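Q: Below are the chains, spelled out letter by letter.
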Amino acid sequence: MVALLDPRPRLQPDAPEGAPPTRADFDALYRAHAPFVWRSLRRLGVREAALDDATQEVFLVVHRRFADFRPGPTERAWLFAIAQRVASDHRRWLRRKGNLMPIPEQTMAQGQSPYEGALRREASDWLLAFLDQLDDARRDAFILSELEQMTFAEASTALGVNANTIASRVASGRRALLTFLDSRGLAPRASEEGTP
Amino acid sequence: MTELSPAVRALLQQASAQHNPAEHELERGLDALHASLAFSAPLVAVSAVQASPQVAPPAFSGGALVSTHAVKLYLVAAAVIGSVGTVAVWTGAPEARRVAPPISAPVAAPVQEAPAPASDIGVELARIEAAQHALQRGQPERALAELAEHARAFPNGLLASEREGLRAVALCDAGRAEGRAARDTFLARFGATPIAARVRKACPR
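Just so you know, the sequences run in chain order A and B. Take the first sequence: its letters are residues 1 to 196, numbered as in our numbering. Take the second sequence: its letters are residues 1001 to 1205, numbered as in our numbering.
Next comes chain A alone, as it looks inside the complex:
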């Protein structure tokens, strides 16, 4: 809903449709950014079992709005804004369905022992759990700045708010992270800390 009302210029939901991209252009964009879209959706609350569908949904929008696509530093910002909207549709759908989605959280990579696989999933779980309990504004800023290493300026483009606001959301997100790690008993002990 936020994305819908958002006045960001390159994301007009009803911009006139241009010619479709060539398959080569589309494939190149997909190969360059599908991992980013996938993990963003996951961090925005899309269930594991729905990630492939949701990623496709994002790229269907990309295909339709290819005329708006500007290669360069704002590529990922543009994609993230689309992913936000798809994820928000997904969350609304989940609520409507009463969370009845099956959750086969089957992410074990080849060659891992079951133990390693479980450890990895567990490690992944706490971060998703943390993101899930943040409000949207802090979560989005935290994802882009801390997990995707975007600069405040880049994140500001993606989220349509100024860089100072991003900085304060990230700061607040960091404090929330430390509290969360503490409450889960996951905080590194002082002896493991590099600096006091």
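Derived by calculation from the structure, the hints in this document are not laboratory data. In this text, all values refer to a predicted model and were calculated from it rather than measured experimentally. By construction, the Cβ of each residue, glycine as well, lies at the ideal position given by its N, Cα and C atoms. Everything hinted at is true.
Straight-line Cα separation of at most 25 Å, SDA-like style, residue types lysine to any residue; simulated pairs:
id: 1; chain 1: B; residue 1: Lys1201; chain 2: A; residue 2: Arg91
id: 2; chain 1: B; residue 1: Lys1201; chain 2: A; residue 2: Arg92
id: 3; chain 1: B; residue 1: Lys1201; chain 2: A; residue 2: Ser88
id: 4; chain 1: B; residue 1: Lys1201; chain 2: A; residue 2: Trp93
Partner residues aside, some chain A positions facing chain B, computed with beta carbon under 10 Å:
id: 5; residue: Asp27
id: 6; residue: Tyr30
id: 7; residue: Leu51
id: 8; residue: Glu57
id: 9; residue: Val58
id: 10; residue: Leu60
id: 11; residue: Arg92
id: 12; residue: Arg96
id: 13; residue: Leu178
id: 14; residue: Leu181
id: 15; residue: Leu186
Dock chain B against the given chain A, drawing on the hints supplied.
A: For chain B alone, coordinates are given in the frame of chain A:
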């Protein structure tokens, strides 16, 4: 600003590295997109070797004529109760059963250069059904892609009214402003059809 210690950063990095997809998941996604999207021709001529293999739509002919209208009736009923597959099996329509694709494997898009069959209820139904499934799964863009394929292959197909109704629903579900116009156009032409109730619900005034 609160700074994160190196140990916390390491923890964060380790956890966030687990969020990437596997290569085969991405390839599968791209294949599915190719199957339902139209692309512009590249400026450079593509050699025959590079051109994608042409997948002919499954042919359904003899015997379909008799049950064509029956299948349409099933579909209208299905659109209302929202489950094409169930109804098709329940009424024992063999064509419908045969072409109903699993959600994850949509029917290959009819190749554009190939002349579309004048009426092929099996292929039409598969498209409409795929759109229906996508709507149920909260994927309006996927539904619109399927409906666009249907419109391209069967502009005046037997299921054109269902297509236009579902298109209005999908546009409204996607929060697109064209939804309103699509709703009005649909209701003006097909206001008395069973699917109209669904359109009104998806696109309230």
